[in-house]
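The task is simple: from the sequences and hints, build the whole structure.
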Amino acid sequence: MNLGDDNMYGRRLVIPATLLCALFLNVIPYPEWAKWAHPDWVTLALFYWCLALPHRVGVGYGWSLGLLLDVMQFTLFGQHAIGKALIALLVVYAYPRLRRYHIGQQCVVILLLASVDIGIVVWVQHVALGLQIHAQFWWAALSTALLWPVAYLLLRKLHRRNRLSWR
Amino acid sequence: MFAARRTPLYRFLLLLFVALGLMAIDHRNDLFVPVRTMSSAINLAPQALLNLPAKTQQLLQQYYPDARLQRKYAALLTKQLELEVRLQRYDALQAENERLLALLSATRTPDQPGLLAEIIEFGLPPLAHRVTLNRGAEAGVYVGQPVLTPDGVLGQVSAVGVRHSVVTLLTDPSHAIPVQVQRNGLRTIAQGSGVAGQINVPFLPLQVDLHNADILLTSGMGGSFVAGLKVAQVQEVISDANEEFLSVHATPFANVKFTKQVLLLRDGGATATATEEGAARP
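Protein sequences, first through last, are from chains A and B.
Going letter by letter, the first sequence gives residues 19 to 185 in the numbering used here.
Going letter by letter, the second sequence gives residues 498 to 779 in the numbering used here.
To be clear, the hints were calculated from the coordinates, so they are not data collected in a lab.
Hints are supplied without guarantee of correctness; some may be wrong.
DMTMM-like mimics (lysine to aspartate or glutamate), calculated; alpha carbons at most 20 Å apart, straight line [to be verified]:
#, chain 1, residue 1, chain 2, residue 2
1, A, K53, B, E618
2, B, K576, A, E50
3, B, K569, B, D588
4, B, K552, B, E615
5, B, K727, A, E50
6, B, K757, B, E581
7, B, K757, B, E741
8, B, K569, B, E740
9, B, K757, B, E618
Here's a subset of chain B near chain A, in silico, CB distances under 7 Å, partners left out [stated by the list, open to error]:
#, residue
10, A516
11, H524
12, M535
13, A538
14, A545
15, A551
16, A656
17, S671
18, H672
Here are the in silico distance ranges between beta carbons for each label pair [stated by the list, open to error]:
#, chain 1, residue 1, chain 2, residue 2, range
19, A, I46, B, N709, 36 to 44 Å
20, A, Q154, B, V582, 46 to 54 Å
21, B, K754, A, G78, 37 to 45 Å
All values reported here derive from a predicted model rather than from experimental measurement.
All C-beta atoms, glycine included, are put in the ideal place defined by N, C-alpha and C.
Put into structure tokens, the structure is as follows:
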């Protein structure tokens with residue numbers, strides 16, 4: 019998707035478009051064996067854009083994405099929003115350090131952030147609706163972390179092609 | 498000075514409180530139900546996208562019917578004929594039944610056929626005890642509507658979108674259903690366990706008469722479900738003298754893994770109470 023220099027509106031749409039794709043990928047069904055490890059594409063996309071353009075994509079984006087997830091998955095309004103806003107906050111504060119990290123180290127950071135995010139959703143679900151907590155819920159964090167290199171390369175390609183700034 | 502205060506942290510804390518407020522309001526009352534019904538229309542886009550391959554296949558099969566389809570068509574035609582013949586008998590029986598009910602001066606709401614729907618999405622953990630159907634408010638689906646499969650009760654509609662709805666399965670820990678043991682008429686409540694394919698029957702005294710393989714039916718109490726629908730079969734009854742209550746596990750008849758088509762009952766409660774009153778009056 020190369021929209022050129024003159025197409026300002028097209029270029030601005032790159033970030034929302036990728037985030038929307040991530041939202042769609044989040045709600046597709048998975049086969050039985052992969053059910054416990056469905057990766058959280060929204061976290062990956064949000065992490066990338068907060069890392070690459072911390073002055074443009076931040077807490078507000080994360081919160082809105084979380085709210086959209088709540089709408090799409092019929093969870094309580096705000097349940098996903100807190101986790102996603104927290105991820106954005108931490109990345110926006112730590113981006114100079116995170117950018118210097120090796121991609122493997124970034125995977126570990128994502129593992130931690132995704133675990134906290136899942137923890138918030140599961141805990142709210144536990145308190146509000148009596149969901150029994152299983153360790154398997156956190157497999158999703160692992161698969162999310164393992165997919166970071168793929169998401170990183172993909173999004174960086176889009177990012178560079180459309181010559182978005184690095185601020 | 499004001500701009501300097503709006504750091505990401507400030508914004509996060511603000512949004513955190515907004516989110517907490519939203520959650521509290523959403524949990525405590527149904528203020529957001531219309532908002533949800535409207536906004537959940539965004540779900541239609543990914544679902545349409547995902548159904549595209551299946552839809553294309555269906556379309557192709559319409560134009561290039563193969564031998565398998567022909568055979569299936571022929572089989573269905575015979576089946577339909579057979580059913581029509583049986584339906585004539587049913588019509589006669591229903592007419593007779595209505596005459597008898599009229600004699601008993603029962604007020605019975607007219608038989609409303611259920612609404613057929615398809616499961617289009619299965620919930621992923623931690624929301625694994627939910628499925629999404631392809632019918633919504635447009636087709637008259639409402640929250641609390643009972644959902645059946647040919648094998649038994651599947652669950653209850655818990656949220657409604659414009660063209661889809663979410664069903665909470667019997668196995669969901671937040672779901673409870675009034676049941677009756679088929680063998681001896683014992684009335685109790687079965688609750689979701691949070692484990693796939695298992696529901697629990699809590700708070701039964703140790704000396705109660707309940708065995709393995711007992712069948713649980715809906716009791717019609719509470720008015721959400723019609724009486725007499727198959728719910729589950731008792732799998733395990735653990736009687737431990739140290740515990741206050743029996744520990745009873747049952748397996749629902751409806752298996753969500755092998756089900757595509759489901760039936761949404763219309764006014765299940767209204768019909769049930771009306772007939773029960775009618776039957777009890779004389």
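Okay, the hints, checked on the actual structure:
For the given pair, K53 (chain A) sits about 13 Å from E618 (chain B) by alpha-carbon distance, which is consistent with the 20 Å threshold. Between K576 (chain B) and E50 (chain A) the alpha-carbon distance is near 34 Å, which puts this suggested pair outside the 20 Å criterion. Distance restraint check for K569 (chain B) and D588 (chain B): the Cα-Cα separation of roughly 28 Å exceeds the 20 Å cut-off, and the hinted pair is therefore not satisfied. As the CA atoms of K552 (chain B) and E615 (chain B) are separated by approximately 14 Å, the hinted pair is consistent with the 20 Å bound.
Proximity of K727 (chain B) to E50 (chain A) is assessed by CA-CA distance (about 26 Å); at most 20 Å being required, the pair is judged violated. Taking the CA atoms of K757 (chain B) and E581 (chain B), the gap is near 24 Å; set against the 20 Å cutoff, the hint is violated. Pair hint K757 (chain B) plus E741 (chain B) does not hold up; C-alpha atoms about 40 Å apart against a cutoff of 20 Å. Restraint check for K569 (chain B) and E740 (chain B): the C-alpha separation of about 55 Å exceeds 20 Å, so the hint is violated.
With a C-alpha separation of about 10 Å, the suggested pairing of K757 (chain B) with E618 (chain B) holds against the 20 Å cut-off. Hint on A516 (chain B) holds. Least Cβ distance to chain A is approximately 3 Å, under the 7 Å limit. Checking H524 (chain B) against chain A: minimum C-beta separation of about 5 Å stays under 7 Å; hint holds. The beta carbon of M535 (chain B) is not positioned within 7 Å of any beta carbon in chain A (closest approach about 10 Å), and the interface hint is therefore violated.
Taken as an interface hint, A538 (chain B) does not check out: its beta carbon lies about 9 Å from the nearest beta carbon of chain A, beyond 7 Å. Restraint check, A545 (chain B) versus chain A: the minimum CB separation of about 11 Å is more than 7 Å; hint violated. At a threshold of 7 Å, the smallest CB-CB gap from A551 (chain B) to chain A is about 12 Å, leaving the interface hint violated. Look at A656 (chain B): its Cβ gets to within about 5 Å of chain A, closer than 7 Å, so that hint holds up.
The criterion of a C-beta within 7 Å of any C-beta in chain A is met by S671 (chain B), whose closest approach is roughly 4 Å, and the hint holds. The restraint placing H672 (chain B) at the interface with chain A is violated, with a minimum CB-CB distance near 10 Å, outside the 7 Å limit. A hinted range of 36 to 44 Å holds for the C-beta pair I46 (chain A) and N709 (chain B), which are about 40 Å apart. For the hinted restraint 46 to 54 Å between Q154 (chain A) and V582 (chain B), the CB-CB distance of approximately 51 Å keeps it satisfied.
The supplied range of 37 to 45 Å is met by K754 (chain B) and G78 (chain A), whose beta-carbon atoms lie about 40 Å from each other.
In summary, the numbered hints that this structure violates are 2, 3, 5, 6, 7, 8, 12, 13, 14, 15, 18.
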